[in-house]
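Asks: One line per chain: the protein sequences are A and B, in this order. So for the first sequence, the working numbering puts the first residue at 31; every next one is plus one. So for the second sequence, the working numbering puts the first residue at 27; every next one is plus one.
These are computed hints drawn from the structure, not numbers from a lab. Since the model is a prediction, treat every value here as computed from it, not as a measurement. Ideal placement from N, C-alpha and C gives every residue a C-beta, glycine not left out. Hints are not guaranteed to be accurate.
[Claimed, not checked] Derived coverage of chain A by chain B (criterion: at least 3 residues anywhere in the stretch with Cβ under 8 angstroms from a Cβ of chain B; other residues may be distant):
id : segment
1  : 237–248
2  : 307–315
3  : 371–377
[Unchecked claim] Cross-link-like lysine to any residue pairs, in silico, SDA-like; alpha carbons within 20 angstroms at most:
id : chain 1 : residue 1 : chain 2 : residue 2
4  : B       : Lys223    : A       : Pro387
5  : B       : Lys223    : A       : Gly382
6  : B       : Lys69     : B       : Arg55
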Amino acid sequence: MADFGGGDPEAFRKEVREWVDANFPAELKSRPNPMMREERAEPSEAQEAWRKAVGSKGWGTPTWPSQYGGGGLGTAEARIIQQEFGRAGAYNPIGGMGVMMFGPTLLEYGTEDQKLEHMPLICRGDVQWCQGFSEPGAGSDLAALQTRAEDKGDHFLINGQKIWTSGAQYADWCFCLVRTDTSKKHEGISFVLFSMHQPGVEVRPIKLIAGNSPFCETFFTDVLAEKKNLVGPLNGGWSIAKRLLQHERGGLSGAGGGGMGGRSLVDLAREYVGVDAQGRIADPDLRTRVVHHEIEGRSFQQTAVRVMLESKGNSGPSAATSIMKNAGTSWMQLRQELTLEIMGHQGLGWEGDTFKPEELGAVRGWLGGKAFTIYGGSQEVQSNIISKRILGLPDLTQNN
Amino acid sequence: MAVLNEEQSMLRDAAKSWTQEKSPVTAFRKMRDSGIEIGYDGKAWNEMAEMGWAGVIIPEEYGGSAFGYLSIGLILEEMGRTLTASPLIASGVGAASALVLGGSDTQKSEWLPKIADGSVVGALAVDEGAHHAPEKVALAATKSDAGYSLSGTKSFVIEGLAASLLVVSARTSGQPGDKDGITLFLVPADAKGVSRKRLALADSRGAANITFDKVEVGADAVLGAVDKGWDVLEKTLDRVRAALAAEMLGAANQAFETTLDYLKVRVQFGQVIGSFQALQHRAAKMFTDLELARSAVEAALQAIDADSPDVPELVSLSKAKMGDVFHLVSNEMVQMHGGIGMTDAHDAGFYLKRARAAEAAFGSQSYHRDRYARINGY
Ligand SMILES: Cc1cc2nc3c(=O)[nH]c(=O)nc-3n(C[C@H](O)[C@H](O)[C@H](O)COP(=O)(O)OP(=O)(O)OC[C@H]3O[C@@H](n4cnc5c(N)ncnc54)[C@H](O)[C@@H]3O)c2cc1C
Ligand SMILES: Cc1cc2nc3c(=O)[nH]c(=O)nc-3n(C[C@H](O)[C@H](O)[C@H](O)COP(=O)(O)OP(=O)(O)OC[C@H]3O[C@@H](n4cnc5c(N)ncnc54)[C@H](O)[C@@H]3O)c2cc1C
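Build the full structure now, drawing on both the sequences and the hints.
Replies: Okay, here's the thing in structure tokens:
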């Protein structure tokens with residue numbers, strides 16, 4: 031898609047700015063994005079109004095085609111929208127797994143009818159999706175999944191258990207990997223979609239070490255998926271799943287590329303540790319590690335830019351995504367560790383007013399962040415992918 | 027493992043069987059879920075005291091057994107394994123050491139027998155900021171008619187909420203940062219003007235911020251010499267650090283063993299995950315590090331028992347090394363367990379949270395690396 035259709039970026043910026051000023055409810059200014067909260071509350075009227083306004087413009091998914099509810103815009107325009115939202119203290123109310131991973135995958139693999147049915151609802155934020163991939167016995171070895179889908183003519187009947195299903199308790203729909211052939215491993219998996227609002231769907235939230243319950247054990251008993259909601263060919267779900275995981279990883283690696291919010295470690299260290307007469311962080315051991323981390327972060331960002339430039343014309347994520355996922359997530363985890371260390375005793379709080387919200391947030395974030403190197407394919411799985419697919423090293427894993 | 031004498035072997039065996047039977051990790055979980063404010067189970071503490079654990083470093087004439095620091099380290103190591111929460115370090119090592127090192131005969135007679143039998147819980151009120159910095163004492167003790175008046179704030183006082191006796195570092199002259207001019211005081215926690223605020227910590231253990239508002243104490247509350255409290259304070263802190271490192275050693279070893287067990291049973295790709303060399307080598311590295319850490323921890327405790335001049339150096343070595351190893355092992359515990367390690371129902375999170383709290387307490391790795399370098403003149 032040509033950026034600005036040959037038009038003027040400044041004119042577009044002006045258009046966005048005026049639209050945001052006219053539509054963004056002032057009471058939401060600089061408030062956190064409710065999408066980013068794991069424990070959902072009923073949205074306020076203003077939140078709903080803002081979601082509908084952005085959704086109907088397609089600006090929450092600016093680069094998606096307009097016939098499916100997206101903005102139909104180029105990446106440069108998308109960046110301008112992001113900048114203008116940021117300038118106004120506005121958040122993007124359209125998000126979740128539908129936007130991050132399912133939508134882009136459906137765009138590549140879905141039929142015209144499937145795209146027309148599901149994508150506009152994602153673009154408007156009307157439907158939330160969850161990912162029914164992992165099972166108790168199928169984590170890193172995802173293709174070992176056992177959840178069965180039986181062919182019943184015009185629909186499938188699904189029986190089995192998923193686990194670690196993020197947001198299952200809030201989701202309207204599930205994109206799910208099911209076994210449609212038990213005689214083969216990878217070639218017996220299909221990718222189906224079904225509503226979470228039907229009998230036979232049971233979700234049990236699981237509490238995390240950070241104290242919250244963002245994910246669930248999910249049980250399916252005779253759950254129905256219509257045939258029209260089979261994505262790709264029967265028994266052809268594995269390559270779609272792998273593609274979707276690349277989108278997931280791409281999204282996760284972004285954690286390292288900025289957008290992590292919060293104050294810089296240097297700022298925090300100035301406050302909690304202090305500086306010497308020359309303005310250096312007073313603890314020289316910590317200072318060295320903060321600098322090291324800053325340099326890692328900068329080189330990660332430089333790589334993100336380089337990958338983007340080099341992949342121009344190339345669509346979407348690739349095997350290099352594994353590099354970015356590993357580099358980005360370890361960087362982020364180290365940042366969380368350093369934040370705690372810098373805060374010292376104040377970085378050990380669980381609750382209560384003896385700690386600032388920022389300090390409590392750092393502790394919960396540090397704990398939650400331990401999942402970055404586990405989900406979306408663990409750190410080790412990514413390293414295996416890099417070794418096999420990029421470096422051409424042989425694989426001795428019994429992967430059949 | 028250090029070569030143990032007979033009484034030490036017996037002590038260790040007793041500690042092992044008591045913690046495994048009476049205080050497994052499920053007991054810690056129950057304590058956390060019950061929301062007990064002091065951060066430990068009082069009944070369990072009574073049992074520990076009955077077994078004589080609170081008096082292990084206290085001379086026999088004051089009701090203790092004088093088995094020494096390596097001995098209490100053995101107990102703490104077993105307690106660390108099951109994350110047993112108790113005021114043993116704060117009281118049976120911290121307050122007890124301060125009294126043994128600096129107390130007058132009267133003070134010792136008054137407090138040590140009660141610390142040894144567990145009826146008094148002591149705590150060290152030392153730090154005032156976000157980081158351990160025992161020389162940065164601002165809390166002021168000014169001369170008054172009765173003796174001294176104490177005003178100021180102490181933060182992150184471990185077992186500060188449960189304690190009935192506080193060993194408080196106060197400034198009688200000089201500036202925060204000066205080692206001269208620090209005086210130690212024995213302050214009953216129910217003294218007028220003492221107010222405590224519970225800290226709800228990630229590791230669910232007991233701690234408090236304590237404010238002293240014109241707290242009046244007699245001249246006989248001074249522990250050791252006026253303005254010259256630093257020497258006793260530093261020695262006391264080294265004993266606490268060495269003891270804490272022993273607890274961390276036990277916790278890290280258990281975290282490692284639980285993880286190792288999991289590597290042997292969790293199957294992915296048709297094989298146990300422990301067959302993947304990517305995990306094997308990390309397990310081997312952790313095991314190697316744990317062995318090195320054990321040597322460092324035991325050397326520090328033995329140096330204290332021998333009253334050797336290199337205690338400060340060996341203690342900083344021990345706390346720094348142990349902190350690094352516990353940090354690593356607690357992270358790997360979560361990572362190698364995958365999703366299950368992220369759940370509150372699993373123990374991994376407990377070890378992770380305890381690791382960071384123990385790392386920060388009484389000097390982080392970077393504090394002790396710096397101290398080690400200073401002690402050695404570089
Ligand atoms: C917060 C969170 C949210 C999640 N959300 C979702 C969701 O929405 N939907 C969903 O389907 N899943 C979700 N997951 C599940 C996630 O994808 C799995 O946890 C992950 O794939 C790992 O699987 P596992 O937990 O079974 O660990 P295991 O696969 O058992 O791994 C255990 C350890 O072994 C290592 N290991 C495994 N195989 C190898 C190998 N070949 N070589 C070297 N090391 C190996 C792993 O890296 C890990 O360290 C979520 C997980 C978390 C923690
Ligand atoms: C200074 C020096 C002195 C030596 N002296 C002697 C001597 O006196 N007598 C003698 O007989 N030999 C001697 N050797 C040889 C030495 O024992 C071999 O170099 C060594 O066993 C490694 O074998 P290799 O060089 O064939 O490397 P390889 O075995 O080919 O190893 C190459 C790399 O692969 C790694 N690797 C190999 N197998 C595995 C595995 N299963 N898992 C993971 N990684 C693996 C190795 O660690 C290494 O990094 C000496 C070598 C050196 C460098």
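Asks: Can you take a look at whether the segment 237–248 of chain A is actually covered by chain B? Rule is 3+ residues, C-beta closer than 8 angstroms.
Replies: Answer holds; 4 residues pass the 8 angstroms Cβ test.
Asks: Given the hint that Lys69 of chain B pairs with Arg55 of chain B, test it: the Cα-Cα distance must not exceed 20 angstroms.
Replies: holds (15 angstroms)
Asks: Can you tell me if the segment 371–377 of chain A counts as covered by chain B, using C-beta to C-beta distances under 8 angstroms and a minimum of three residues?
Replies: Since 6 is at least three, the answer is holds.
Asks: Run the distance test for Lys223 of chain B versus Gly382 of chain A: straight-line Cα separation, threshold 20 angstroms.
Replies: Distance ~10 angstroms between Lys223 of chain B and Gly382 of chain A Cα, so the pair holds.
Asks: Can you confirm whether chain B covers the segment 307–315 of chain A, using C-beta to C-beta distances below 8 angstroms and requiring at least three such residues?
Replies: With 3 residues close enough to chain B, the hint holds.
Asks: Given the proposed pairing of Lys223 of chain B with Pro387 of chain A, does the C-alpha separation stay at or below 20 angstroms?
Replies: holds (17 angstroms)
In this structure, every one of the numbered hints holds.
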